[in-house]
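> Each chain, letter by letter, is given below.
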Amino acid sequence: MLKQTEGSHAVAEAVALCRPEVICAYPISPQTHIVEGLGGMVKSGELKNCEFINVESEFAAMSVAIGSSAAGARTYTATASQGLLFMAEAVYNASGLGLPIVMTVANRAIGAPINIWNDHSDALSQRDSGWLQIFAETNQEALDLHIQAFRLGEELSLPVMVCMDGFILTHAYERVDVPTQEQVDAYLPPYEPRQVLDPADPVSIGAMVGPEAFMEVRYLAHAKQRQALERIPEYAAEFRAIFGRDSGGLVHTYRADDAETIVVAMGSVLGTIKDVVDEMRADGHKVGVLGITLFRPFPTAQVRDALQHAKRVVVLEKSLAVGSGGILATNVRAAISALPIDAYTVVAGLGGRAITKKSLHGLFRKAMQNDLEYLSFLDLNREVVDKQLAREKQMRRSGPIAENLLRDVGVVAAKIA
Amino acid sequence: MFQVRIHGRGGQGVVTAAEMLSIAAFEEGRHAQAFPSFGSERTGAPVVAFCRIADKEIRLREPIMEPDALIIQDPTLLHQVDVFAGLKRDGYVLINTNKTFEELGLSDFLKGWDPARLRTVSATDISIKCVGRPVPNVPLLGGFAAVSGIIRLESVIKAINDKFSGKVAEGNIAAATTAYNAVMRAMEAAKEGVAHA
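Sequence lines, in order, name chains A and B.
For what it's worth, the working numbering labels the leading residue of the first sequence as 1, then goes sequentially.
For what it's worth, the working numbering labels the leading residue of the second sequence as 1001, then goes sequentially.
A few of these clues could be false.
Restricting the straight-line Cα-Cα distance to at most 35 Å, the calculated cross-link-like pairs of lysine-lysine (DSBU-like) are [unchecked claim]:
id, chain 1, residue 1, chain 2, residue 2
1, B, Lys1088, A, Lys311
2, B, Lys1163, A, Lys286
3, B, Lys1056, A, Lys358
4, A, Lys357, B, Lys1056
5, A, Lys357, B, Lys1167
6, A, Lys43, B, Lys1167
7, B, Lys1111, A, Lys43
8, B, Lys1191, A, Lys358
9, A, Lys48, B, Lys1158
10, B, Lys1111, A, Lys48
11, B, Lys1056, A, Lys286
12, A, Lys274, B, Lys1129
13, B, Lys1167, A, Lys3
14, B, Lys1111, A, Lys3
15, A, Lys366, B, Lys1056
16, B, Lys1167, A, Lys358
17, B, Lys1099, B, Lys1056
With the C-beta cut set under 7 Å, the calculated list includes, among others, these residues of chain A facing chain B [claimed, not checked]:
id, residue
18, His171
19, Glu174
20, Asp275
Covered stretches of chain B (chain A as the covering partner; in silico rule of three or more C-beta atoms under 8 Å from a C-beta of chain A) [said to hold, decoys possible]:
id, segment
21, 1017-1024
22, 1069-1076
Calculated from the structure, these hints are not laboratory results.
Since the model is a prediction, treat every value here as computed from it, not as a measurement.
Virtual Cβ for every residue (Gly too), placed ideally from N, Cα, C.
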């Protein structure tokens, strides 16, 4: 049914349609509305046979999820930012044990400085945790990907993070098509665990493994993740057959067939990029887009295929590997390393900085003239940066950087963007 | 695409207003996207929310920097926030106030603007009367339907029923209708004034 609703609410409805048996979560913006919504559905009886467990922290949330998933229950949680970091040890355990928990990450920056706004630093900090990571472009896709995530995770016995841009998607009201229970039941069979803690048939889960087999267990984690590259297109095709729309998959191109310049990105910013590309195409520029839906496992071959005929690639990412450069860009560069393509890394939108059409027009035009650095920062306020650097040169006790910059920038409450 | 920016203060229902405007547009079969300014909202602090309305899927995710219309829920913001930033020439402006544009000191700033697109409505008074609380957001949507013609009053009423129920819904429907009628009357009076001049 078509609805005009909040992204968080749409995801809560999708998760409820997947018949979760345990939901354990600790609130943190911008994820809170999702689990609040689910809590309300459990309380009202709309969501049956589901236990909603309030926990005292994110570490507890993931620990409870591990326990309930090991006991054979379909398990869901959600978090963001510092919450994801706080549960990090258990995040690795969930995947190491092969437990198909589904978790929404409502993407948000990581402090310090404290910042509640959107970027991809949180999810990408867990890129090597062994979880599958899928990024939604719209609220419709966020809704759909949660349904696919349970199917995929349970088939492979691996946990899945569904990443959606905090605030930009979670708090946006837009049109979504909410499927029926019959459709979801037809797509998602009941959870049949490969391993389960059952008193009638006792096993232990979580053995200590020494040098004799640890590498093999880790290799299998890698091999299983790579299996997802084959399964995801199959599941996306089945999804299309039942729900009548394309959602998920590995990567998606837009006007890229004859493109000399291809912009690579993840998440909701793809919408703004596509609008800019349409405008530039109307002016005769050969620009296209490659959207990465699946970040882990990284679809190296598909990325290479999509980019192989381009002259240059601009990777626009909402993350920064401090001291190195891009995170998404590192993966994309590796995929095309054997090809004669110029690649530019652009860090954008950190901590909720608006990524505007105007800035993207300027950026892509510069790229087409090969006038970009290897690594650049979109709309960086150089003046403020230089002022701080000068301050640090001038005096030993230059003071806290964040506070200095806020003073230099002045009141921001009066500005729109 | 038609873009609306709503300015108000935390507690006045700014974000809810944008969401309801998007629901009203959806009820008319259109695509709509509403989102808040993502601040750490506190009661009384300036809050901005946005709503885009279009006939095809809306992909754009930037804040609305060049609005076609402004709804200003609190006129004290005029002295604090650059609410008019980027407003398109002859864009619609609806302000919650008992004063006129002249009394608010906006005459010079909006000189030459199409006067039919500049409207005020006593939305706080109307909400106190109809809802029992100073929540100007919903009556302003009624007023916005009147001044802009972008959405119909019936759609605003549908959005009210989507968000609220019982007495709160009833009160808000009365408030939206009162504000709609007040703005319509003022517009007709202005038209007649022009005809007689």
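> Compare the structure with each hint and give your call.
Hints and how they fare:
For a cut-off of 35 Å, the pair hint linking B/Lys1088 to A/Lys311 is broken: about 39 Å separates their Cα positions. About 45 Å separates the Cα atoms of B/Lys1163 and A/Lys286, which puts this hinted pair outside 35 Å; it is violated. As the CA atoms of B/Lys1056 and A/Lys358 are separated by approximately 21 Å, the hinted pair is consistent with the 35 Å bound. For the proposed pair A/Lys357 and B/Lys1056, the alpha carbon gap of about 18 Å is at most 35 Å, so the pair holds.
Annotation: proposed proximity of A/Lys357 to B/Lys1167 is violated, straight-line Cα distance about 44 Å (limit 35 Å). Between A/Lys43 and B/Lys1167, the direct Cα distance comes to roughly 24 Å. Compliance with the 35 Å bound is thereby established for this hinted pair. Restraint check for B/Lys1111 and A/Lys43: the C-alpha separation of about 56 Å exceeds 35 Å, so the hint is violated. For the proposed pair B/Lys1191 and A/Lys358, the alpha carbon gap of about 39 Å is over 35 Å, so the pair is violated.
Restraint check for A/Lys48 and B/Lys1158: the C-alpha separation of about 30 Å stays at or below 35 Å, so the hint holds. For the given pair, B/Lys1111 sits about 61 Å from A/Lys48 by alpha-carbon distance, which is inconsistent with the 35 Å threshold. Taking the CA atoms of B/Lys1056 and A/Lys286, the gap is about 24 Å. The hint holds against a cut of 35 Å. For the hint linking A/Lys274 to B/Lys1129, the alpha-carbon distance of about 47 Å lies beyond 35 Å, and the restraint is violated.
About 24 Å separates the Cα atoms of B/Lys1167 and A/Lys3, which keeps this hinted pair within 35 Å; it holds. The suggested pairing of B/Lys1111 with A/Lys3 is violated, with an alpha-carbon distance near 42 Å, which exceeds 35 Å. Restraint check: the Cα-Cα separation between A/Lys366 and B/Lys1056 comes to about 30 Å, which is no more than 35 Å; the hinted pair holds. Distance hint between B/Lys1167 and A/Lys358 is unfulfilled; the C-alpha atoms sit about 46 Å from each other, more than 35 Å.
At roughly 38 Å between alpha-carbon atoms, B/Lys1099 and B/Lys1056 are farther apart than 35 Å, so this suggested pair is violated. With a cut of 7 Å, the hint placing A/His171 at the interface with chain B holds, because the nearest CB-to-CB distance is about 6 Å. With a cut of 7 Å, the hint placing A/Glu174 at the interface with chain B holds, because the nearest CB-to-CB distance is about 5 Å. Interface restraint check: A/Asp275 against chain B, minimum CB-CB distance 5 Å, threshold 7 Å, status holds.
Counting residues of the segment 1017-1024 of chain B whose C-beta lies closer than 8 Å to any C-beta of chain A gives 4; at least three are required, and the coverage claim holds. Restraint check on the segment 1069-1076 of chain B versus chain A: 0 residues with Cβ-Cβ distances below 8 Å, three needed, restraint violated.
Of the hints listed earlier, those the structure fails to meet are numbers 1, 2, 5, 7, 8, 10, 12, 14, 16, 17, 22, in rising order.
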